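Chemist: Based on the provided sequences and hints, a complete structural model is requested.
In terms of numbering that gives the first Met the number 0, the sequence shown opens at residue 0 and continues consecutively.
No lab work stands behind these hints, which were simulated from the structure alone.
Computed from a predicted structure; not experimentally measured.
Among the hints, a few may not be true.
Cut-off 25 Å, straight-line C-alpha distance, at most; resulting in silico cross-link-like pairs (SDA-like, lysine to any residue) [as the list claims (entries may be wrong)]:
| id | residue 1 | residue 2 |
| --- | --- | --- |
| 1 | 30 | 65 |
| 2 | 153 | 29 |
| 3 | 30 | 278 |
| 4 | 30 | 86 |
| 5 | 153 | 83 |
| 6 | 153 | 88 |
| 7 | 30 | 16 |
| 8 | 153 | 60 |
| 9 | 30 | 63 |
| 10 | 30 | 93 |
| 11 | 153 | 28 |
| 12 | 30 | 263 |
| 13 | 30 | 81 |
| 14 | 30 | 95 |
| 15 | 30 | 12 |
| 16 | 153 | 140 |
| 17 | 30 | 169 |
| 18 | 153 | 136 |
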Amino acid sequence: MTSEQDGVGSVARRRPEQLLLAFFGELVVDKAVGPVPAAVLIDVLAELDVASAATRATLARMVTRGLLSRRPSGRSVAYVLTDVGARVLREARDRVFATDPFAPDGTGWTLVAYSVPESRRDVRHRVRAQLSWAGFGLVRDGLWIAPGAVDLGKVLEGVRTDSSLGPGELELLAFRAEELPGFPVTAAIDGAWRLEEVRARHERFTRAWADVEPDAEAPALRDLTALVADWLDLLRGAPRLPAEHLGPDWPAGRSAATFRRMHRALAPLATAELRARLERSEYSTHP
0 MTSEQDGVGS VARRRPEQLL LAFFGELVVD KAVGPVPAAV LIDVLAELDV ASAATRATLA
60 RMVTRGLLSR RPSGRSVAYV LTDVGARVLR EARDRVFATD PFAPDGTGWT LVAYSVPESR
120 RDVRHRVRAQ LSWAGFGLVR DGLWIAPGAV DLGKVLEGVR TDSSLGPGEL ELLAFRAEEL
180 PGFPVTAAID GAWRLEEVRA RHERFTRAWA DVEPDAEAPA LRDLTALVAD WLDLLRGAPR
240 LPAEHLGPDW PAGRSAATFR RMHRALAPLA TAELRARLER SEYSTHP
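Modeler: See the structure below:
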């Protein structure tokens with residue numbers, strides 16, 4: 000595979016958790032794949048310039064958060080998705096492979112305000128992350144907006160059912176709204192999402208992957224993991240905005256076409272490569 004730098008595009012540096020979620024979401028969830036030895040995960044991320052210590056630390060955090068669980072594997076350990084981890088990745092997959100992942104679901108707008116005690120910054124961070132993933136932008140302090148009809152119960156299900164939350168520690172107010180004639184929301188949209196930055200993110204993704212040519216001799220497992228991680232990062236930062244609020248040359252269509260082309264080429268190669276790696280006996284005894 001050829002590209003500008005390392006064979007897997009040149010999007011901003013990828014975080015270990017971002018790469019591991021991409022790996023499990025693309026190659027493990029709902030696939031006939033058993034526990035994945037730590038050595039496989041360490042080797043794949045090492046090919047993406049992630050140190051083994053960082054990969055191990057990230058895996059430990061994902062176990063603590065209930066996304067993964069450990070299984071013995073020779074002298075080492077392997078990892079499997081928990082029910083929670085599988086649910087999170089299935090929900091993400093719906094957006095990853097949506098026919099038009101940047102189009103809103105329905106008309107109008109969904110608005111949300113929430114309150115979390117200062118002592119529960121962890122909850123505040125989770126709510127913000129979930130809202131951002133669902134396409135919400137911050138209009139002003141405490142008020143978030145997303146185009147279309149967002150199923151907020153589904154978006155925040157994991158946070159709202161967190162057994163560590165005490166009574167009243169998470170207060171939510173949500174409602175639907177329609178744009179009134181003479182009061183366009185264009186300015187609010189640009190302020191909530193900084194459209195030129197969103198455009199730049201689309202263009203970076205397309206530049207990074209448009210000229211990459213899959214090669215049967217290249218490590219497709221590495222490349223597919225990087226591709227899906229970059230795509231998830233773009234989906235998280237690019238809202239589902241109505242076309243009438245975007246320019247005629249908006250780059251979302253080009254981004255989606257680039258992802259689909261690369262995914263079609265890499266997925267079967269990466270699946271075969273993972274199968275081969277799992278069959279190698281060294282991974283059952285890797286310390």
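Chemist: All hints are to be evaluated individually against the structure, with a verdict given for each.
Modeler: Now the hints, each set against the structure:
Of the pairs offered as hints, the one joining residue 30 and residue 65 holds, with about 20 Å between alpha carbons and a cut-off of 25 Å not exceeded. Pair hint residue 153 plus residue 29 holds up; C-alpha atoms about 20 Å apart against a cutoff of 25 Å. For the hint linking residue 30 to residue 278, the alpha-carbon distance of about 16 Å falls within 25 Å, and the restraint holds. A C-alpha spacing of about 14 Å is found between residue 30 and residue 86, which places the hinted pair at or below 25 Å, so the restraint holds.
For the suggested pair residue 153 and residue 83, the alpha carbons sit about 13 Å apart, so the restraint of at most 25 Å is met. At most 25 Å may separate the alpha-carbon atoms for a hinted pair to count; residue 153 and residue 88 meet this at roughly 14 Å. Among the hinted pairs, residue 30 with residue 16 is consistent with the structure: their alpha-carbon atoms are about 20 Å apart, no more than 25 Å. Taking the CA atoms of residue 153 and residue 60, the gap is about 24 Å. The hint holds against a cut of 25 Å.
As the CA atoms of residue 30 and residue 63 are separated by approximately 24 Å, the hinted pair is consistent with the 25 Å bound. With a C-alpha separation of about 16 Å, the suggested pairing of residue 30 with residue 93 holds against the 25 Å cut-off. The straight-line distance between the Cα atoms of residue 153 and residue 28 is roughly 20 Å, inside the 25 Å bound, and the hint therefore holds. At roughly 17 Å between alpha-carbon atoms, residue 30 and residue 263 fall within 25 Å of each other, so this suggested pair holds.
Taking the CA atoms of residue 30 and residue 81, the gap is about 14 Å. The hint holds against a cut of 25 Å. For the suggested pair residue 30 and residue 95, the alpha carbons sit about 17 Å apart, so the restraint of at most 25 Å is met. Annotation: proposed proximity of residue 30 to residue 12 is violated, straight-line Cα distance about 28 Å (limit 25 Å). At roughly 23 Å between alpha-carbon atoms, residue 153 and residue 140 fall within 25 Å of each other, so this suggested pair holds.
Taking the CA atoms of residue 30 and residue 169, the gap is near 36 Å; set against the 25 Å cutoff, the hint is violated. Taken as a hint, the residue 153 and residue 136 pair is honoured in the structure, with Cα atoms around 18 Å apart against an allowance of 25 Å.
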